Amino acid sequence: SQELEQSPQSLIVQEGKNLTINCTSSKTLYGLYWYKQKYGEGLIFLMMLQKGGEEKSHEKITAKLDEKKQQSSLHITASQPSHAGIYLCGAENYNQGGKLIFGQGTELSVKP
Amino acid sequence: SQTIHQWPATLVQPVGSPLSLECTVEGTSNPNLYWYRQAAGRGLQLLFYSVGIGQISSEVPQNLSASRPQDRQFILSSKKLLLSDSGFYLCAWRKRGKTDEQYFGPGTRLTVT
Chain A
305 SQELEQSPQS
315 LIVQEGKNLT
325 INCTSSKTLY
335 GLYWYKQKYG
345 EGLIFLMMLQ
355 KGGEEKSHEK
365 ITAKLDEKKQ
375 QSSLHITASQ
385 PSHAGIYLCG
395 AENYNQGGKL
405 IFGQGTELSV
415 KP
Chain B
40 SQTIHQWPAT
50 LVQPVGSPLS
60 LECTVEGTSN
70 PNLYWYRQAA
80 GRGLQLLFYS
90 VGIGQISSEV
100 PQNLSASRPQ
110 DRQFILSSKK
120 LLLSDSGFYL
130 CAWRKRGKTD
140 EQYFGPGTRL
150 TVT
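These protein sequences, in sequence, are chains A and B. Read in order, the letters of the first sequence are residues 305 to 416 in my numbering. Read in order, the letters of the second sequence are residues 40 to 152 in my numbering.
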């Protein structure tokens, strides 16, 4: 079965610094989703990548999918306290109608 | 615009009691619907998904069940709760035929005592 591994598991950065979170799949990805979650709340959709080499940006957050479609990275530029939360990657390994498996998440803290 | 609601927001139930969690979607029709559970440790696990009224697929064998009595309503149920059923239950939807977006509800925090 497919597995997703996120790294790091937790991250503390100073406000204004850049950071990167990685998501690695054991199988080729059909689609890779990035979500953000505040404690005790639902998941906020950030973006979805599907094509090898694809890159998308939303405000100061950029996500990339590698050419082999087995790894994605999420990069935050000039981090702010509002970026704090848990970042989760979710994946389909082929077109399964939206059935996602998730990584364990990366907990991001931003120190002012 | 589309919105997704979950009810209740929090629930404390004794072991052996029944469960009914509701998820409703507004602003779209014929969506794919999903139930996930997030246990301690942050990972999410897909429990059920539905591509239409009355069509339910179970991903993990357990004492939970799901039903879709209406196009935009998805219900998660149990006849007898176990301690291990505690967790954060999230409903999600995706527009049929679209592959680029999947949205989650606010979640229901279930504590089984």
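What the hints contain is simulated information worked out from the structure, not anything from laboratory work. Watch out, some of these pointers could steer you wrong.
To be verified - Derived list of chain B stretches under chain A, where covered just means 3 residues or more per stretch with a C-beta under 8 angstroms from a C-beta of chain A:
hint, segment
1, 53-66
2, 127-133
3, 142-148
A quick note: this is a predicted structure, and the numbers were derived from the prediction, not measured. Cβ atoms here follow ideal geometry from the backbone N, Cα and C, with glycine treated the same way.
Hint-by-hint comparison with the structure:
no. : hint    : result
1   : 53-66   : violated (count 0)
2   : 127-133 : holds (count 4)
3   : 142-148 : holds (count 6)
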